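Generate the whole structure from the sequences, applying the supplied hints.
Protein sequence lines, in the order shown, are assigned to chains A and B.
If you read the first sequence in the numbering used here, its first letter stands for residue 3, the second for the next number, and so on.
If you read the second sequence in the numbering used here, its first letter stands for residue 1313, the second for the next number, and so on.
These aren't lab readings, by the way, just hints derived from the structure by calculation.
Misleading hints may appear alongside valid ones.
[Stated by the list, open to error] Where chain B lies over chain A, by a calculated footprint (3+ residues, C-beta under 8 Å):
{"hint": "1", "region": "58-69"}
{"hint": "2", "region": "126-134"}
[Unchecked claim] Derived Cβ-Cβ restraints for the label pairs, each shown as a range:
{"hint": "3", "chain 1": "B", "residue 1": "Ala1519", "chain 2": "A", "residue 2": "Trp112", "range": "49 to 59 Å"}
{"hint": "4", "chain 1": "B", "residue 1": "Ala1386", "chain 2": "A", "residue 2": "Leu22", "range": "47 to 57 Å"}
{"hint": "5", "chain 1": "B", "residue 1": "Ala1450", "chain 2": "A", "residue 2": "Gly23", "range": "54 to 64 Å"}
{"hint": "6", "chain 1": "B", "residue 1": "Gly1355", "chain 2": "A", "residue 2": "Val110", "range": "19 to 29 Å"}
This one's a predicted model, so the numbers in the text were calculated from it and none came from an experiment.
Don't be surprised by glycine CBs; every beta carbon is placed ideally from N, CA and C.
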Amino acid sequence: MPKPGNLATVAYWLVALAALGAAAAMLAFYTPTEQTMGPIQKIFYLHMPAAVNTLLCGAVVFVASLGFLWRRNLWWDDLASAAATVAVLLGLIVLATGMIWAHQAWGVWWTWSPRLTFTLILWLLYVVYVLVRPAIESRDRRALVCAVYGLVAFLDVPLVYLSARLIPQDIHPASIGLDGSMKLTLAVWFVPVTLIACGLVAARYRRNRRERIDEASRAGQGGAGMGG
Amino acid sequence: MSRVIRQIAILTLKDLRIEARGRQTLGLVAVLGVLIIAVLGLGLNRQVGGVDATAILWVAYLFAGVLSFEKTMAVEREDAALAGLLMAPVDRGVLYVAKLLSNLALMAALAAVITPVAILFFGFDLSAAPLGFAAVMAISMVGFAAVGTLFAAATASTRLQGGLLAMLVFPISLPLVIASTQLLVSMFRDGEPLGGLALGVLVAFDAVFLVVSWLVFECVLEP
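In structure tokens:
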């Protein structure tokens, strides 16, 4: 007999996958093909929600980092680390779809356009967060350094955005107008992407927390006091 | 107020005196900076000149800067000097400001060595706006040192020091690199005056991270 918590998780993922399927079907059969970009334009419906969710994950890292610095409770760190991992994954999707877009629109895979530059630096900020973690041995010190970094990194995001806008553009961005049905598709695509992002953060958080409690109980301290 | 200023002065002068007596950091990082400029100059093989040299200058500043931030913090690790400092009746914010000032003094000395070398190697003509160049670099260094001082303190007690600090500080400092290089290009190549969005980004970076680092520094100091 599975536990009710597990059933809820399974139900959540079924809903998220169903939403993804519905959004994909809508993209294939309902949304019109854009004239200048052709079918490649359709990656935009994944690109944009993924970009917004990357920023949301960054915001979760920020809040959890503040929470850790304020309360010094390690479960804030579990949450920050989970959100940072998902931000890296989503950032990779944004970067990849952005590069495909650049290839279609301008014939090059990479160009230092403000938007691609911003995406790259945003992604790097959270890649560093994830990569630095295992390099710090002490559990508390790792949480502390990462909390400070998570805080500073999110405050850096608007500065990165503004500074990327300074880069001179030698190519014209292929700006496309979205008609009503395209806007509807975009709105629909936010549902599965956001659901999947939240589900991944929750799953990752539970794993981080379980690992930490296991580690603490192996070390003989017992996980009870640190569970939060 | 005057007590705080005196405390800051004592702490900063202590760091600078240690550096003046030992001369461990400055010589090392200055040579590293010159080496970086030489390697890039040789590698780029005269394809880069003029105001483009600021990007190369930044690479040297970033690496040499991170190394000196690490060194000034490592001084406190020896003989449990930090534990003594933390026991002294001094506000942690004062400790941060003092560390930041000694790092800035070190960066200024470093820049005084590296910048002329880069100007010489890459034929960068400063005469159009020497004060503007100095102002842009000074504003950028304040932001860079603000972040660097905070993370140097945060990572000081971890075992993996070398690459760790650079990894944390470099991506955070990228807005400084982009804004200051764009600003210098517009000043030297297009002859525009100092100002605009780029200057705004630099000043905003300094303001945000000076305040945040000052507030957070208290949490990261542990003997």
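- Query: Against chain B, does the region 126-134 of chain A show at least 3 residues with beta-carbon separation below 8 Å?
  - Reply: holds (count 5)
- Item | Satisfaction of the hinted span 49 to 59 Å by the C-beta atoms belonging to Ala1519 (chain B) and Trp112 (chain A) | violated (33 Å)
- At a Cβ distance under 8 Å, does chain B reach at least three residues of the region 58-69 of chain A? violated (count 0)
- Task: Starting from the range 47 to 57 Å, see whether the pair Ala1386 (chain B) and Leu22 (chain A) falls in it by beta-carbon distance.
- Result: holds (51 Å)
- Is the gap between the beta carbons of Gly1355 (chain B) and Val110 (chain A) within 19 to 29 Å? holds (24 Å)
- Do Ala1450 (chain B) and Gly23 (chain A) keep their Cβ atoms within the hinted range of 54 to 64 Å? holds (57 Å)
The structure is inconsistent with the numbered hints 1 and 3, although it conforms to all the rest.
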